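> Protein chains in written order, with the UniProt record's numbering: chain A, 1 to 289; chain B, 1 to 289.
Keep in mind that the hints were calculated from the coordinates and are not lab data. Errors might be hidden in some of the hints.
Note that identical chains are pooled: a pair holds if it fits in a single copy or bridges any two copies.
The list that follows gives simulated cross-link-like pairs (lysine to aspartate or glutamate, EDC-like), each with its CA atoms no further than 16 Å apart [what the hints assert, rightly or not]:
no. : residue 1 : residue 2
1   : Lys-206   : Glu-67
2   : Lys-283   : Glu-191
3   : Lys-110   : Asp-45
Source: prediction; values computed, not measured.
Protein chains: 2
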Amino acid sequence: MAKQKKAKAETAGGLLEQLRVPEGPVDLTTYDPRATTGFTGVKDDGKLALEALGAEVSDWQERLFAEGRKGAERSVLLVLQGMDTSGKGGVIRHGAGLMDPQGLKITSFKAPTPAEKRRGFLWRIRQAVPGHGMIGIFDRSHYEDVLIARVRNLVAPNVWDKRYDQINDFEAELAESGVTLLKCYLHISPEEQKLRLEERLDNPTKHWKYNPGDVDERQLWPDYMDAYHAAIERCNSEQSPWFVIPSDRKWYRNWAVTTLLLETLKGLDPQWPAADFDIAKEKQRLAAT
Amino acid sequence: MAKQKKAKAETAGGLLEQLRVPEGPVDLTTYDPRATTGFTGVKDDGKLALEALGAEVSDWQERLFAEGRKGAERSVLLVLQGMDTSGKGGVIRHGAGLMDPQGLKITSFKAPTPAEKRRGFLWRIRQAVPGHGMIGIFDRSHYEDVLIARVRNLVAPNVWDKRYDQINDFEAELAESGVTLLKCYLHISPEEQKLRLEERLDNPTKHWKYNPGDVDERQLWPDYMDAYHAAIERCNSEQSPWFVIPSDRKWYRNWAVTTLLLETLKGLDPQWPAADFDIAKEKQRLAAT
Chain A
1 MAKQKKAKAE
11 TAGGLLEQLR
21 VPEGPVDLTT
31 YDPRATTGFT
41 GVKDDGKLAL
51 EALGAEVSDW
61 QERLFAEGRK
71 GAERSVLLVL
81 QGMDTSGKGG
91 VIRHGAGLMD
101 PQGLKITSFK
111 APTPAEKRRG
121 FLWRIRQAVP
131 GHGMIGIFDR
141 SHYEDVLIAR
151 VRNLVAPNVW
161 DKRYDQINDF
171 EAELAESGVT
181 LLKCYLHISP
191 EEQKLRLEER
201 LDNPTKHWKY
211 NPGDVDERQL
221 WPDYMDAYHA
231 AIERCNSEQS
241 PWFVIPSDRK
251 WYRNWAVTTL
261 LLETLKGLDP
271 QWPAADFDIA
281 KEKQRLAAT
Chain B
1 MAKQKKAKAE
11 TAGGLLEQLR
21 VPEGPVDLTT
31 YDPRATTGFT
41 GVKDDGKLAL
51 EALGAEVSDW
61 QERLFAEGRK
71 GAERSVLLVL
81 QGMDTSGKGG
91 VIRHGAGLMD
101 PQGLKITSFK
111 APTPAEKRRG
121 FLWRIRQAVP
131 GHGMIGIFDR
141 SHYEDVLIAR
151 VRNLVAPNVW
161 DKRYDQINDF
171 EAELAESGVT
181 LLKCYLHISP
191 EEQKLRLEER
201 LDNPTKHWKY
211 NPGDVDERQL
221 WPDYMDAYHA
231 AIERCNSEQS
241 PWFVIPSDRK
251 WYRNWAVTTL
261 LLETLKGLDP
271 QWPAADFDIA
281 KEKQRLAAT
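Make a model of the complete structure from these sequences and hints.
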């Protein structure tokens, strides 16, 4: 109980407000990737605070799930974007991992297959939209279609340029259909990425996570930043805002995304559904068995 | 560390062997639903022991996932069956919830839709088979097609009677394609079910889980037991055995299924994949960035 109170106090400032990207021009170099916005304490405190969120975020998740089972048409969709090693998987493991896996729908988007490409870039995204009552998580997303697709010239400029509007239309449609988006850019420095890639090379239990292509992508860092600036700036609205998560400190990143998810759930304020049967009568029927 | 050692000692006996249903006639009345087979201790010990399994089972899960990403064609499929309130959801929440949700594929089977029925009872099951490196979990399964389908006469006797062989063929096919099945029957007493249904009726945060149809099903308990006897007896092979999990004690049930999963993963013994790149060369390339 003490733990939960502490976590509550720390989120009282409203992390959603603090980490939200203001509308207008975006320059990620003005964001400190080592910041611990909204949190007072060091690493060990952060890990404890994350654990302490478990019970509360699970409770809200179950309420959302419960109302979804009884006809409410709402869901949450956490979109995780960031450079390699920024910790999309870590957030899912340590943050989403606190919740009931039955209420999660996690989709990891790799390079699209030829069949997926034929159907337009949003087709596979639409397939993965969470059902009512679910928390969806995208590990990469439709934003790759204006990030790697732009940086790597996978499509012509007039094609990717149209996609910002297409994404805005798509996200407006999601909002109308009851999906609350939480779009998080996990912000790491190139120096931190280098350390993390070195660690993967040094540790045999992490070799499977290393891909020589990561170094090629790394060399295009400034191009990726330009693409991120455009994506965040052009697809950042009141209804579907972006959040920049300082991510050089893994513990802060995990705490921050989980806190944003918790605040989002609380904002939806899902309620335990009322009984759709006669309680007294059911008690009698059950007693008679 | 101390915790992990304790848990290891407790599983040293081999719970897979202890809870496995021997081939031959099956009579569930001879199994004690309050047993704590393979575990020495009471409720609080059981909860601690479950927590202590978290790190170890997650580690094996990640190994399985890693080898799957590098070409190994193996997966695990946990099938959960049991009467209403036996705790299929509880096992997923508290046991599977210890693992990384990215490596889980959970499917909850409800009454089949008309489109699903047209395709044959195994069609939707095949759609949900876990990919390489994944741990699949079925909350109910193809066994419903010889359980409720039989008890409720949803299909003619000659139809459900053929399904046992069809299930055996399907499961043999799964085994050949690298899927290790772990089929668990969560064994509760009718008295315990009554208590749990009463609790759902008494607790407004659980009303959404209550369905008046549960009492109707409850009244058919002996018929369901007959159907379970037939299903377990006729679909119980060396390669694809059934396990009966005493489930009147929730803490034991969660510990037992998680332990069976851990032993299954250890039996597969997935190894961290070796680097498929030149480590020294990659270190140089990275250093140059």
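> How would you label the pair Lys-110, Asp-45 (within, between, both, or neither) given a Cα cut-off of 16 Å?
neither (35 Å within a copy, 43 Å between copies)
> Within a copy, between copies, both or neither: where do Lys-206 and Glu-67 come within 16 Å Cα-Cα?
For Lys-206 and Glu-67, only the inter-copy Cα distance (12 Å) is at most 16 Å; the intra-copy one is 40 Å.
> Within a copy, between copies, both or neither: where do Lys-283 and Glu-191 come within 16 Å Cα-Cα?
Intra 64 Å, inter 15 Å, cutoff 16 Å: inter-copy only.
This entry does not satisfy hint 3, going by the numbered hints stated previously; all others are met.
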